[in-house]
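A.B. asks: Next come the chains, spelled out residue by residue.
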Amino acid sequence: MWDQEIRQMASSHAIMASGVFMATVVPAVLVPGFSVYGTHLLWLYSVAGAVAVVNITLFWLLGVSSPTKKHTITYKVSRLVRSCLYLLLSCLFFHTVVILYGAPLLETALETFSLAVLLTSLTTLRCVCVLGPNVQAWIRVFSRHGAMSVWDTSLQMVVGCSVVGAWLGAFPIPLDWDRPWQVWPVSCSLGAVIGYLTGLVAAPAWIHWHRKHLTYKIK
Amino acid sequence: MKRLPILVLLLWLCAMFYIGIFLFVGGFLLVRLEVNRTSTCGDVLLPGGQQGDFCQGQPRFRKAVVLIIDALKIDFARFDPANKEPRPFENKLPVLEEVTSSKPSHARLFPFRADPPTTTMQRIKGFTTGSLPTFIDVGNNFASSAILEDNLVHQLAEVGKRVVFMGDDTWESLFPKKFHRSLPFPSFNVKDLHTVDNGILQHLYNIMVSDDWDVLVAHFLGVDHCGHRFGPDHPAMADKLTQMDGVIRSVLDRLQNDTLLVVMGDHGMTDTGDHGGESQKETDAAIFLYSPSPLFPASPSQSDPEMVPQTDLVPTLALLLGIPIPYSSVGQVLLPLFPADSQTGGAPAGLSQTEALWINAKQVNRFLETYSSMAKDIPPESLSQLQADFSRLSSKYLSTVKEGRSPTPELVASLQEYLTSVRDTCRATWAHFNPAKMAAGIAVLACACVLCYVLSEMSSVLVRESGLLRVPLVAATVVGVCVAASQLFTQGYAEGSWCLAAAALSSEVLVLWRARRARKTTAAEGGEVAPRRGWLTLPRFLLTPPLLVLLLRCASLLSDSYVIAEGRVVTFLLFSLSLYVPFHLNWDGLLLPPVHDPLKPAGLLPSPVLSPLAVRRESSTFLACLGVLVGSLYLSLFFHGCREEQGSCQPSPFLSPLSRVQDSRLKNLHYILSLASLGAWTYLLRRWLRHYGNLNSPGGTVFTARWILPLLSVCLGLHWAVAATPEDSFRNLAELISLGQRALPRVAFSLLGVGLALLWLDPLTVFIKSRAATPVRGPVSLPPPRYRASTGISTQAELHHLIPQLYQRMRRSLEDGEPARVPEGGDRPAVEAYGLGTVYSAPVVLLCGLLGLGLLLLHPEGMSLSFLLLLLEMGALLQIHASSTTLKALQGAHSGGFSVPWTPVVLWSLAATQFFHATGHLPTFPSIQWAAAFVGFPSGHTGTILPASLVTLNTFSSHILFAVACPLLLFWPLVCEVRGGRGGRGGGGEEGEDNAIMEMRLRESPQQFSSALLQLATRYLFINGAQVFASVCAAAILRRHLMVWKVFAPKLMFEASGFLVSSVFVLVGVTLVMRVDVAVGRWFKRLLPDTSG
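Chains as they are written, first to last, in the working numbering: chain Y, 5 to 223; chain W, 42 to 1134.
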């Protein structure tokens, strides 16, 4: 019975991945002098924007998010405001974590914050789209029995892969190779995006592989 | 509990590590004593008997130009006209060939063989002192890199020659203020091919033309840097060599008749452009000698050496320039440069071959005598052989001279032979890695690591096993003796290290085998299938996140960049692992109280005892501690020092002692901050002890905690104040100040000693109050109190952690089977024991606190902030561990037993390394804080043991503190247990009582206690040992690396000494716990007849 859902997920993930791809290629064509290393922040924001747009559109079209109980305008508006607030807070949260990990406090604040924005668009945004603005639910979804649907499992994997990718991206920074991608935050954002893409590929594959063993509680 | 077997087992494990380290270091580090004597002009007397000054004579050359082209390999210097398609490094120095073939009596090109280690600094030392520098030249200049041994530059300056130097700035640090004029250029950036060379070329020709020099040394770095950056087979190398060709040509044009030109490389390079090791590609450089006046016999003869050892340059240059040969030179003069005896008449000045050889041999013999009287590392039999040779030769030579005969060629040959054999003997002693020993060391270390892991996983089984070590120890002795005997039999002498290696390996293998068998038998007893999974799934087992972090840490030791950035790398890993803890808890669903699902049938899960409130409280404690941990991790980054490799790095301002701060307001601020953190340290410790009721009894430990701890901190504060006083501001108090500088630290040391002694003699902090003695007041004593002292007894309201009725329980368990004689009633004798719940941890905490203050004394004042952070981080780590254990226990996920999982142990050990850096230390020799040796001894020491131990204590203070406090990881969850009990206060009384016994649980199951303690200690040793193993591997694999003597070898030394110190203090901690256990046992015994009567 999940075949359809898995197929749906695989195709939507393909669209998301192509969104990242387009966000790299289109500016390269349009903007003169664009390169991933040279104009890194531009690339970063274009990827973050593309991921955000694609995610929001897809999840809105698919209707994965838990159905709202109320349909009043005020409720929807408050949800929207809360979502934006949480996204902003998540940016600040990531910013703090990255600084605690050892990023310079002031000198590269813009770069650090951009990385935080990218991480937010890769992780928190998906949480908002799938689970709605509900921090409790976000925390609960990252536990062994926390996934309530195929989308929750994919959320676990994509978010995990992105974060681990960014973490791994920090590894080459101290090396003395003097490569352009060792400049802060290039390796981390590249790592995060590569991790995200890996998660997009891995999630449907893994679910397909384990579809016999997966059981979800009824919502 | 089993005390002795555990201690013996741990000791044996440590010994295995020590043997491994000893073997490896013995094969890897080349050690030589420096002889700090200098030759003088009066030493060098010719045998003719004529008195006088050697330096007054007319030297062969008045001036010399020494061009050192770093890494000028012999292949670069040779010219092969037949080679039509030269590679980038071939045929690029045609000038050498042109000159040697057109003027054969003026020039010669030789291969120039360097001695390992082939790194620039060691080589400069080598061809200026004529000795064979090793990694550690033990001398009194350990703190600075300046050469104190006798050398050419020193001798030249002594006779008043003007030495002008330009180029690689290493020279400037090796010979500070020795040059007449010096133009150093930065050598550190390997990627920079041109700065040094262009800098030299700007000045070289001008200086040559001017007359303000006698000896000119120019050290070009471009070729070497080009090799490091691109490798030899690169067009850039061709450009660089062509440039050098031009330089040599221009220098040749400007030479005068009385000038000697030496063009040489200090070492070669491998095909990848690296150097440092001992392969022929690295050791074979080129040397080119030229003079505008005839220098050599007309044509290359048979007597020309095929290869010139690097040490030979020193005596040759010295005698050609008319200065004494440096004292510790073991080189041999280059004979072709001296006229043979038959032609002496022709040569206007200078020495003949035999004379030169004789001076040379006399100097070498004198050095050999001095050295062998100082150090014993030259084998005695070869030493006596050499001395016999010399006395034979000298009598022969002297008689020849007396009779006025010209010396025979045989005499020349045997003098040469003597010099060669001296050099070979010295080289065999000083300048060779010993790969076999290194491999043996690595094998022993690897086995020890595996053993540590196996023992920690099987501690519960092995504790029951008795006599685990008996057979292996016997076998080790037998094997060791066998090896010694066979060595004696085959070689005539036994080498201790091989016997040790054989003994260690055999005992390790036997213990492994016995452990395996023990597991099989227990598995069979338990009726399980013989477990094979342990060995097969080991890799998967190792990949749990804490061990993965350890693996990353070990891998990071293999890269020089990571070692340079070690402080940040460790903080990064520590932060990652501590973030993993909450994620893991959340993944297991333990961080939040579970939602009650109304749909779920109630009986589906065996619902554990948990109240959402308790879980929530525990989680918030957990998160708060995580915050403290993260905060102290981040703040600790501000206390780091800087390595010279880290370009744009500012060392922490807290690292400089207060007396150096100029601004008085800043000084006061720093002082107040330091005092505040000192006060906080003392207050927090006392607060903790008081909170758990450990400050009541009149015993020694309590005395220490009540009086010695505060007194010690007062001493410290006063000492800082005295030390920071500017010398000139209180002139009339100068004597008082110097007295204070001497006396205050000594008082602190003795207080520390007294405190430690008291702690050892009487470690119990338990205060018994027999309630039977007081008149029983009905409403207060019924129901019997659980944790709260009844108001009538306690004078201090905070002393609420007493354990009532413990005695009852203990007696019941002791006389088990017997029915409790005392009826459950109001008039039973109840014993209240204050502080019994923390009887084990209180002495450990106190020891840690005392040691911390003592170690702080050895640091600059500003480090007290860092020490406070250390204490906070320790507390946070312990609390995180305790909270996560409690969370698991609350939700029924705890496996039982006291075993400490890997995560907190790895965190603990990483934190030790982190604070090594955060107390301003670095794994490099220049960063050792030598000032620590003078705390309390401002006028210096007479011996070496005391200052060495003070400096060691200073350097490894964080290792010491974390190692000593390691057993706390075992106790802390039990100490914090009471919290859960309070949470469940509404529950049954039985549960409350259970929770109140805290560390007495350990006494109730001594078997589990022993196994958990053994496991904890072996885990800690394993983590530290794995890091030592990794740095040993790094040193072994990368022994050819550019950075080996700068990064990896010092790192290895620091890691190994850190392990030594940590393991000793882990043993101290474990021993203290056992001492407490003995005391507690006695206490119970004393109590039993006392009250049952």
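Just so you know, the hints here were simulated from the structure itself, not pulled from any lab data. As the structure is a prediction and not an experimental result, all values here were calculated from the model. Please note that the accuracy of each hint is not assured.
[As the list claims (entries may be wrong)] Computed, partial: chain W to chain Y, Cβ under 10 Å: (1) 232; (2) 236; (3) 239; (4) 592; (5) 593; (6) 678; (7) 683; (8) 685.
[To be verified] Calculated from the model, a selection of chain Y residues having no Cβ within reach of chain W, i.e. all distances over 10 Å: (9) 45; (10) 140; (11) 144; (12) 201.
Beta carbons are placed, not taken as given, at the ideal position from N, Cα and C, and that holds for glycine.
A.B. asks: Work down the list of hints and note, for each, if the structure agrees.
C.D. replies: Going through the hints against the structure:
Given hint, residue 232 of chain W at the interface with chain Y, holds; its Cβ is 7 Å from that chain's nearest Cβ, closer than 10 Å. Of the supplied interface hints, the one on residue 236 of chain W is violated, with its beta-carbon coming no nearer than about 17 Å to a beta-carbon of chain Y, more than 10 Å. Evaluation of the residue 239 of chain W hint against chain Y yields a violated restraint, the C-beta minimum of about 22 Å exceeding 10 Å. With a least beta-carbon distance of about 13 Å to chain Y, the hint placing residue 592 of chain W at the interface is violated under the 10 Å criterion.
Of the supplied interface hints, the one on residue 593 of chain W holds, with its beta-carbon coming within about 9 Å of a beta-carbon of chain Y, less than 10 Å. Taking 10 Å as the C-beta cut-off, the interface hint given for residue 678 of chain W holds, the closest approach to chain Y being about 7 Å. Here the hint on residue 683 of chain W is broken, as its CB sits about 15 Å from the closest CB of chain Y, past 10 Å. For residue 685 of chain W, the shortest C-beta to C-beta distance to chain Y is roughly 14 Å, which exceeds 10 Å, and the interface hint is violated.
Its beta-carbon lying about 23 Å from the closest one in chain W, residue 45 of chain Y satisfies the requirement of being farther than 10 Å from that chain. The claim that residue 140 of chain Y is not at the interface with chain W is violated, since a C-beta of that chain comes within 10 Å of its own (minimum 8 Å). Residue 144 of chain Y, annotated as away from the interface, has a beta carbon of chain W within 10 Å; the closest lies near 7 Å. Every CB of chain W is more than 10 Å from the CB of residue 201 of chain Y (nearest about 22 Å), matching its label as outside the interface.
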